[in-house]
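A.B. asks: Grab the two chains, each in its own frame, and use the hints to assemble them into the complex.
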Amino acid sequence: MTSLSEEVLLVVKKVRQKKQDGTLYLMAERIAWGPEGKDRFTVSHLYADIRCQKISPDGKAKVQLQLVLHTGESTTFHFANESTALKDREAAKELLQQLLPKFKKKANKELEEKNRMLQEDPVLFQLYKDLVVSQVISAEEFWANRLGGINNTDPSPYNNKQEVGISGAFLADIRPQTDGCNGLRYNLTADIIESIFRTYPAVKQKYSENVPHNLTEKEFWTRFFQSHYFHRDRINTGTQDIFSECAKQDEKGLKTLVTQGVKNPLVDLQSLEDKTLDEGYGICTTQPSTSNANKSVKDSSNSAIIKRFNHHSAMVLAAGSRRGELASDQASETSSTDGNSRDSDFFQPPVKKVKLQEAIEFEDLQRENRPKTVPLNLKKSDRYAHGPVPLQSQQYTTSQDIINSVNYIRHEMASYKPSLTQVLSSTAATSAIAALSPGGVLMQGGAQQAINQMVPTEVQGELKHLYVAAGELLRHFWSCFPVNTLFLEEKLTGHLEEMLQTAYSKFQVWQTRRMMRKT
Amino acid sequence: MKLNIEGLLVYFPYDYIYPEQYSYMLELKRTLDAKGHGVLEMPSGTGKTISLLSLIVAYQRAFPLEVTKLIYCSRTVPEIEKVVEELRKLMEFYTKETGESNNFLALALSSRKNLCIHPEVSSLRFGKEVDGKCHSLTASYVRAQHHSNPNLPVCRFYEEFDSVGRQVPLPAGIYNLDDLKAFGRRKGWCPYYLARYSILHANIVVYSYHYLLDPKIADLVSKELAKKSVVVFDEAHNIDNVCIDSMSVNITRRTLDRCQTNVDTLQNTIHKIKETDAAKLREEYRRLVEGLKEANVARETDIYLANPVLPDEILQEAVPGSIRTAEHFVGFMRRFLEYLKSRLRVQHVVQESAPQFLKDIFEKVCIDRKPLRFCAERLQSLLRTLEIADIADFSAVTLISNFATLVSTYSQGFTIIIEPFEDRTPTIANPVLHFSCMDPSIAIKPVFQRFQSVVITSGTLSPLDIYPRILDFRPVTMASFTMTLARTCLCPLIVGRGNDQVALSSKFETREDFAVIRNYGNLLLEMSAIVPDGIVAFFTSYVYMENIVASWYEQGILENIQRNKLIFIETQDAAETSMALEKYQEACENGRGAILLSVARGKVSEGIDFVHHYGRAVIMFGVPYVYTQSRILKARLEYLRDQFQIRENDFLTFDAMRHAAQCVGRAIRGKTDYGLMIFADKRYARADKRGKLPRWIQEHINDGSLNLTVDEAVQLSKHFLRQMAQPFRQEDQLGLSLLTLEQLESEDMLQKITQIAHQT
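These protein sequences, in sequence, are chains C and A.
Each residue of the first sequence is one higher than the one before, counting from 1 in UniProt numbering.
Each residue of the second sequence is one higher than the one before, counting from 1 in UniProt numbering.
Please keep in mind that the hints were generated in silico from the structure rather than gathered at the bench.
Careful, some of the hints might be misleading.
Counterexamples of contact, computed for chain C against chain A with all Cβ distances above 10 angstroms [said to hold, decoys possible]: (1) Gly72; (2) Thr76; (3) Phe103; (4) Ala202; (5) Ser227; (6) Ser271; (7) Glu279; (8) Gly280; (9) Gly282; (10) Ile360; (11) Tyr408; (12) Glu412; (13) Leu420; (14) Val441; (15) Phe477.
A short list of chain C residues far from chain A (calculated; beta carbon distances all over 12 angstroms) [unchecked claim]: (16) Gln66; (17) Lys102; (18) Leu111; (19) Tyr281; (20) Val316; (21) Lys355.
Some chain C residues near chain A, calculated using beta-carbon distances under 8 angstroms [unchecked claim]: (22) Val164; (23) Gly165; (24) Ile305; (25) Phe309; (26) Asn310; (27) Phe362; (28) Glu363; (29) Asp364; (30) Gly440.
Even glycine gets a Cβ: it sits at the ideal position worked out from N, Cα and C.
Chain A with its partners taken away, still in its complex shape (with noise of 0.2 angstroms):
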């Protein structure tokens, strides 16, 4: 259907609409007129990912100068592939419906582990190898001695693409991972560069965080994407984490040895070129004193995108005199790496900030703040200079590098916290040093700053006005869209009480305590009993899981949940795991009923879906607290407190309520879809709590349903199963949570849309 959204004409690929797709591409459309930030909450399963692209595509045709690309960033290759296809679904309509194929180029971008198809390089099954191998066969360097050798292998496909690839740009389409490398076999083009190139003047791109976030990549890939882009973060609930992990770092003695042969064997490579090409490290260090001009020149004329690591006033000075010889360089990072080492052999928890840590630097082995900023470029130079064709092996050195160069640009934001052993063994020593980001905001500042408006969109957002303030942006959107239901098909039930009247709750006094866990295995085996198809169960830990299951292994609990349905568990293995998955969908297609045993956090919990039958009830045992004792998750919190003035009570809850949130939403995708979302604490019933919820969990609690033993909890839920057991046509929810266009554009339906925007 063809809708018109405040004067855009936006087609929109189905023939009904729900109303919160209205809303949610008003809302969007307002974002982009501003040129703002937005950040968007709306249902899993309410065709969030169709409506943005319909709506923003829409734009690109209407305003083809206002907005040039669009930068789709998902977390999961196959929710990367699943927006593709997607979008193809929509250029197929509009094709369909304009009669005129237009030429949009929208393609995905993955690691070369998704893209490569050298028979060779593709058939390795770690990314990192991949990425290792494919470096040695494509290196700039080995292509040149592949000039004077021919007997020296590259890979075909990089040449290919090389000679011919760049001059031709990728005929418009829509490219998914499969089709961009059944086109590279077609041509003979390496899939992985094509697409890193046609990322360039593709008008949409979708591609996963790391791109844009992680400094590392990010300079690589999307250095270069123009300013007037959108970009979408979808699933963005976690998006403060993955902006925490990309810029944080641990070393440990491991790491240590590693990087010492690294530098040993750096020391060797420059003796052995000073002999036999003493000219080459001439030229570097020419170009080092040049300084680091050009992409200072780049910067400025706005080209690139700004990265973290790489701080602005470094780009105005040359690199300092101490470090500019590769010799001095190797001698100045055996002195840091000699310096570290004896941090490491500390006897007791170390906390300290990154101006402490200079300074204890600087009186130790006088090593001073500005070269340690130019680590990270410098080996860069060094390693491109030395032709060293395997980067992969140089991880621990690039590793120390860019820590020494973190720890030495910001003095805010990061926290350093050297532990001699683990607090569950505090016989064995196993020193690490942590240099910890505490501050999100300062991996995705580059990209507020960059690109004219960024949408942060996920089904599990609440509460919204948390995310401005973690992530430093001012948004000129924000809300929260509900689902509107035609039969209320998600039933949030929370247990407090057993059976016994014994609370229900995984805090940690209680966490124990026998009677707890009977009751917990209680509620699952009642639940087994009266739920068809598939269950899953979401525990807070996996030590906790794992004690869970075996205390009621030895109670003969598990043994009568058997009667009822097969039990799969989530191991720590991901391949173990992922069969386990196979085999529990299996079992809920062929209609024995499977239970599914997992974790909060975990892998499944996050990119995992149960649709309909493969889950029809979710189970949430406890609350999803993170680990609080962690010494990182202290300063952080405290860090929270102190530069934005969120309580630390207020951040964990939060945390574990998106957590529980996300696990208990992975029920319901869509509105034929039904499900259980049962609560197993009674700590969910208090309203702060509660109140952290998305919105449309929230406003189907109700209070009859806030306290509930284990056997009242049943009652309900064999009513609820029952109703929606009963058939559910398209003609039940028209004019509803449906609507058709006469429907949409009809006056009263109008407002009462508007009322919904409006009570967000």
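So that you can see chain C by itself, here it is in the shape it has in the complex (with noise of 0.2 angstroms):
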């Protein structure tokens, strides 16, 4: 087996599948099992194929692990080491909840990437409907030679991929259910845990520093539901749970933000007043420093509240732009240490000038005074897109251009007064318009176009397909050589001449109903 030299990633033994006793080898791209004793496997599931697994409850007699494939079968492992079943699960599980997700997100990709390239390109879509929607060839085959160019030659796609933001209400997704014994059971899912460690570092430091080595995963997420740091209308009371660290820092976090200032000065609330009242003048009622002392528990839990929120609030938002930012982060970060931020008036005027102006504008009473353009009207776009490439691609006309063109001709037109007294003679004239009749020395070229216009589209279109197609194959046909591996050499034997023979058909078929319209 070609397998065996893949790399084993753990290997359990005395797992039970189907009521058979076997070994369970996780390996890097694939979970395997076979049966003992024998040195073939029976089970072996790609990674990218699972969907899920899932698992025993902790109180039943059999230990199982269960994989949920995408095509909706099920592989049950029951595990069966008396001793170490637990400990086996347990380490499956984690490396296959670490695998997974690699996997997951690979075969989503690609996918993604297949179905994009499909619908862009309506060529391609063309051929895959002829070739593989007609089962000529394999997707596999089909793409085998397509995605590992595009991958290759143009990684950008990937790397532009658009971040997915955070739900703000990904806490909100993770309601208790009462387990019936007086507990509260949370379902965590990777992404929710993702979506806590992306909008709250400190939970992620709080994590590496404690998993596995003082605490296992689960103790973790039980301890944080049952922090106040979870449960934001309760007050910290300073009883020593490892989270308080975390509402500590949150709460600096926060105060570092609101020190930091806001950027547009027109949001600025302490800069709005130009000259506030003096202490003592003034209708106030209210003293903040004693309203402070003599706040009741309600009032500064409530006030919790809002202040958790707007944090939270700012941490998704954050962490939904934060790689996109990270460069003009820095920059501004450079700035600000430039000089105090007082001194940094030097920098805040563009961004002042620029806010105020748009706060001015009245876009409707300006006459819009950029340059016209012309719509682009295409009729067909591929004609467009290999359309001929200009000798001098740097001499670009504008579009006003184009359009002072355009009135400069129709003027012309409109001015355009025949001098009679210089003409052609008539002979000269005759032999021209001769000359540019079809069939004549200049319209030799347009004898092939006048065939192209006899057939009619649909039966053009056809026979393009076919063109198309019988070259992919042919592409296919031509790939085979040499042929060293056993595979190629039956895909040549095998069902490639059968596509051959199948393209031939095609085209035997279409030659005839062409005839036949024909006549």
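C.D. replies: This is how it looks when you write it as structure tokens:
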């Protein structure tokens, strides 16, 4: 077996599958199981095919792990080693938990990419229909030499892929369920955990500090849900849980955010007022200093909620745009270190000016004075894409130029007066007309066009499809040489010949149809 | 385009014009022609500022002797800067059209905090610190001492300005705050003093209300502004409160304690000076005998704006003998202070008028009315004589002396309320003496008297007739303009019931009702699902919002809302709220959408605009009545009833509705903008409430949108939003709500416009 050369990450013995004892192998790209004493795997799943794993509840007698595939099938493994069953299962589970998301993304990505390619390229789509849907070649073969090429030559679409933000309500999605015996159960998914980590880096830090040395993962999350940190309406009463530090850190983060101030001067409430009344003047009835002291518990818990909501939203927002703004953030940081906050006046005006200009603008009172553009109206987009390449590619004319020249020509036409003294002689004119008529000297290129026009478009279209399909098959054919593997030989002798056969017959059909139509 | 406004050539820096801008200019011109005052309401986002500036600048150019100066007062710093930018645009247009640069000088003036360029002083964070530090570097005696002792720090920018800055006037041009600073840096002059000096000969001055309405500042800054000025109060819907605030004083125990230390310091300084430089004190005494004659002469010759803290009568008299010497005055202050302390030792609430207070003080400690009236002036003189550097430290004693002058000057329009504790915490003694002004006309009276035209304008001034009454002036023009619209881009809905038919209201009896809170939550949840980008929700008060947010959190409503949008909440901390606001805008910007929970009468509702996608819907939860249990408010209501025949309820409703209108008006900032305005309280449906909304909102409320359930409102909103999402081009507006010059000049359009004007 070639697979033996694969890297084996975990081997678990005494695992039953369909009442048969065997060994479970977790490898780099797949999970496999072979019955005891045999040298081959009867079960083998690529990680990419696995949708999710399920485990039997802790209390059950049988310690099991179930894999559900994308196709809906499932395979159940029973860990039968009495002493270490649970541990084995946990190990397998943990490893799978790490591996599956990687492959899941890859699978999705591939699928997405294929979809995108088909949607963007109508020719490819037609080819796909002709070859794959009509089962001339299999989908894998079709993609085999296409995706690879795309992946290698053009990795940018992957990198530019839009970051998916975090739902603002991810904490709401983990509604606790009662498990019937006076406890609560929280369902955590990998997505939610990632959301928590991305939104609250402090928690992530705690996680990496404590798991797995001090706490198991489960304990960690249990504590998380029990903490005051998670229940934000409770005030931190100073209990020693590991998250109280997080709360403090958050507080600090919020404070730095606040002290950083705002970039947009129009929303800076502090500098809004020009001249505040001096202390003691005005009709203010409440002194903030005193009202703070005798705030009831409820009041302060309310304001804690409000604070937390602001913080949460800010963090979610920041998590969504963190990566994109890294560069600009650094830029702003360097600028802010140059001088202290007040001296950054020198940097401030541009933002301020732009914002002020925006604020006083009345777009509808102004005449639109940007250069006029001609809307591009394409009837056949592929013709546009494969158009002739201009020799001097630098010399573009702007839309404005085109409009101008059209206007100019129109103007010329309107004011055109034939000067009758300076015209061609009649003989020259007739010969020129003859030359320009169909079949004339200058119209020889047009003869082919005539045929082009004679054949109805749908027939043309079919021919084109057949041509492309046949071309693709030929490509497959020639790519089989030199025949150095068994697989290629099989492909060559077996179904590729068939394929070409079908292609021929297809062409035959088309030709007869065409003939019939002609007659 | 060039317009002809009843014979006046007006340059308008745009190619098109809204019809209401034209009629606004017409009314404004009539006001200026009549040399009278005006009240003009024009919806936000219809180019009020630019119409105002265009017309007044044109008027100034045409009649340079009639109107010499425009004083434009706005409320916030960004707003001031916006006005200057619009002015710059107008002036650029003038230059382009006429081909010559005009010699207009226009500048913005703001506090030192926004103008200071001194590296040390400007790095201070609070305005008061900046003022104090600046004073300690620029006070006259500090500078005098600097001559003998060059090690003493002074502000080099001020020195430079003082030696050369006054000789050459600021070159003509438009100076925003940043331009002033840049100019100051280039020349090495202090921008703040330069601006203060330059407003005297500038054609246009843009600054905040306080420079005219707060007597303490007005006396320093605006005293010498020319009589033939036009004063504009923009965003003036709250002007009465600004007036009242600037004249009211609160005295707590802390104030008195600090005042005590102030007085002690004064005493010590006097002692010291007496030993070293007795001549100085004698000189002061001589000056005081002479009296405030100089000020009197100045006022009679009409150079100065009157100061309500410095009443006319005392100008004709010398400072009374009992407080003329420095020691006597300090002793006098001590006595007054002791008296105030004894008054604060009450166990129950006391409310009395100014004459009662004077009578009591005369009986108890034999303080006469007359010396009290000179208190403020006397203290200023003493502080000058004693060469006290840091005025900010003496704020407490200044406050007390201002109080003394005010209480002895005005027998009417003020009330004194002494509360031994706060209503919410009756066990904690925290006595406060409120000396509150109830008559806004006192502070604004000098402005109306002095300047030939005062224009009060805002997006929300309804009902118009109440402003002349409470400010006590007779306008020559009063007009309210609507917003001509090619598409109805605002959609006011009154949601009166929940889906379960529970009446929605923030009234006191149902404030804690869970059914109401839940239905409010439902409304927000449903809206968050259908409204794109930003939603702003306003609550009637901060406490109310806190409670509702807490119970929404408990009921899980907020979590459901978070599925649709991020939530940001205004807090009582300005810095925190600023951050939340910026994040809110960021979330609207990047397409995630957000909800801002905020408070009517708060800073957000007054100063922040939610243009376009920053506010596609505004929800007003409840009617934002002012807290009616406060005694100050009760006293004011009583006063309004007795003096102006305004019924309590009328005033309260007026006040609530102007704030509601302010809140919902934040979303619409132009004709291309659109937004939902949801009034979530069944009381809005009543005619007395609805009738007090500005006309441009009122006319879009039809009978079908008066008492909706949440579901019905959602249906209507969906429909509205779908319509608004269609492309809207300039051509759609042309001829209806947007006019070219030709269209404007056509007969029937002019007729239409006069019709609009007649409706008002």
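A.B. asks: In ascending order, which of the hints set out earlier in this document are inconsistent with the structure?
C.D. replies: The structure breaks hints 6, 7, 8, 9, 10, 19, 20, 21, 22, 30; every other hint is satisfied.
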